[in-house]
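Taking the hints into account, I'd like the entire structure generated from these sequences.
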Amino acid sequence: MSTASVPLPNWINYALLPLINLILAFLVSGLVVWIIGENPYEALKLMLQGALGRGEGIGFTLYYATNFIFTGLSVAVAFHAGLFNIGSEGQAYVGGLGAALVALAFDHYVPWYVTMPFAVLGAAAFGAAWALIPAWLQAKRGSHIVITTIMFNFIGAALMVYLLVNVLIVPGKMAPETRTFLPGGQLPKLDWLMALFGLKLGPAPFNVSFLIALFMCVAVWVLIWRTKLGYEMRTLGLSRPGAAYAGIPYVKIVMITMLISGGLAGMMALNPVLGASARLQVEFVGGAGFVGIAVSLMGRSHPLGIVLAAILFGVLYQGGAELSFDMPNITRDMIVVIQGLVILFAGALEYMFRPAIVRIYQQFVRG
Amino acid sequence: MDFFDILISIMGSTIRLSIPLIFTALAGLFSERAGIFDIGLEGKMLAAAFAAASAAYVTGSPWIGLASGIGVSLAFSMVHGFASITNRGNQIVSGVAINFVAAGLTVVLGQAWFGQGGRTPQLAGAARFTPITLPGVEAVRDVPVLGPLYANVISGNNLLTYLAFLAVPLSWWVLYRTRFGLRLRAVGENPGAVDTAGISVTWLRYRAVLVAGFLCGFSGTYLAIAQSAAFIKDMSAGKGYIALAALIFAKWKPVPVLLACLLFGFLDALANFMQGKSVPLIGEVPVQIFQALPYILTCILLAGFIGAANPPKAGGVPYVKER
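Chains A and B are the protein sequences, given in the same order. Using the numbering used here, count along the first sequence one by one with no gaps and you end on 367. Using the numbering used here, count along the second sequence one by one with no gaps and you end on 1323.
Each hint should be verified, as a subset may be incorrect.
Simulated crosslink set (DSS-like; lysine-lysine; CA at most 27 Å straight-line) [unchecked claim]:
| # | chain 1 | residue 1 | chain 2 | residue 2 |
| --- | --- | --- | --- | --- |
| 1 | B | K1321 | A | K173 |
| 2 | A | K45 | A | K140 |
| 3 | A | K140 | B | K1253 |
| 4 | A | K140 | B | K1277 |
| 5 | A | K173 | B | K1313 |
| 6 | A | K252 | B | K1313 |
| 7 | B | K1251 | B | K1313 |
| 8 | A | K200 | A | K45 |
| 9 | B | K1253 | B | K1313 |
| 10 | A | K228 | A | K200 |
| 11 | A | K140 | A | K228 |
Because the hints were derived from the structure by calculation, they are not lab data.
Laid out in structure tokens, this is it:
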């Protein structure tokens, strides 16, 4: 029997192995920091202080984490059904259009809590719509979902730039963005939540969409592990022939899964569009869709893991921004390097240490 | 400008814009024909561009730039190979990781070394691959039609451009007329059979991935020190994905790869040319349509509406020997 198929206890599979891979990613990042002539330990300290030191830092950290929870859930839901959705970036981008249209239509007339449910629906519907064609192509025409979702990221980006430059732009303004939403189209900040912990939020854009994200985590957990649909999705993800043998309709499950995945990605737009900037801007997603891949991999496609991984990446994003102030030699792009290394070690090289761990574990068990 | 001059100028820029696509799509061709998906083409191109520009700046030699570009691209290929062949990791995940690491590292190192916000310093003429004037240009310049075509489209390109056009028949020959090529194609369709024949699947796939790295080294070098005179942050700007689209559009075959790259290069050139101009009857065509067209065409092709595009059967699946 090869070492790949030896069963290991859950705490090794779900805690120890990811932790080792994460540490390795940080060690290599530290090496990069050292190569460019800075002290990795100092850098780490500055980063943690910047992300978790003050209320404002925590506010920004959780703001970023909110984005990553949505996109992480989006990738994870598809992954449970064996689908690799690389299109969360584009789905979130188009989802922003849905959220913005609702806000633009409603903000004159009703308060934010009336707008919010419609904005959630709008964002989810537009995000899902952007996943619809790749889903159909995968389910009915057999085109690889990875390729089509990548293509749709670019098509979505082109579409959104066109709309913002030519259609939604405020006449007479140069910036390709919609008008600023009135308070009726904005999601309020969560100052009170921070105040409970004795922290001041300051200008950080931490807002209600964080609560929506947490709610979606619970909803996804229920969907995947407590419903028939979730069971069918997981069966399909484990084995397509097995699912077919059990009478699970491939086309239907693929379509539904991708619509849910796209919807979750679309809802990410609530946070930056309605929560932070109160208008639709070019490139507001800023790579959060791709971070979702890393978050989902780190969190082992489980909502709880995703929340933890999203906060970790929130720390990276906020801490990285602060770090680049204090150490101008290290640009914000260092985050992108760390992110890439996390994806590499936690995703592609996930089993690198497994044979060694299996050997140690077996010796240990035999005693 | 009359119609013919416009045509000549668009043809010229079509060629310039196609070259990085040709190298990169051929790189993807070797890798994917051996059964290793490569989303990381974009990252390898970018890393190679940075390495080439940095080395050419420091040494003043475009050849050392090219060698560095290839070297760095090969190193990234080895990481991809190690993850997806030796460790049987997910090839897509590995490719995505490579794109991230390359996008971040080029800017971080560029800022640390040169302090120009991630750019490399402007290169002097001698440190670049500069245009070559082919013999007889002056003699034929006044010949109608053919003269300007020869002088402005065929002549006056740099060495890497001619190498790109040579790389296409060479790739065809390697893939279809050598033992290595036969085995490489076989390992992408049925690695089990290749293994049974006593040939190492692992070593074959590693070689395919290395060829991909080698070719991406050329495309990156072209971007940084032939087309431009410096590395700029994110200068590959999605060209790796366009090359991937071209590879699919060409149904994983060398000569169609050339044609698909020329088509996508032409769309790009046309988009640049059409910016702000209006077409009779239609009006101004948004530039975004041209930008999205390669991706839209590829999706339509993948849907099987213009003939089937079937990827190599074992693509994306790690080979497990004992099963």
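| task | Find the hints from earlier in the document that the structure breaks and name them by number, from lowest to highest. | result | Numbers 1, 2, 4, 5 and 10, in rising order.
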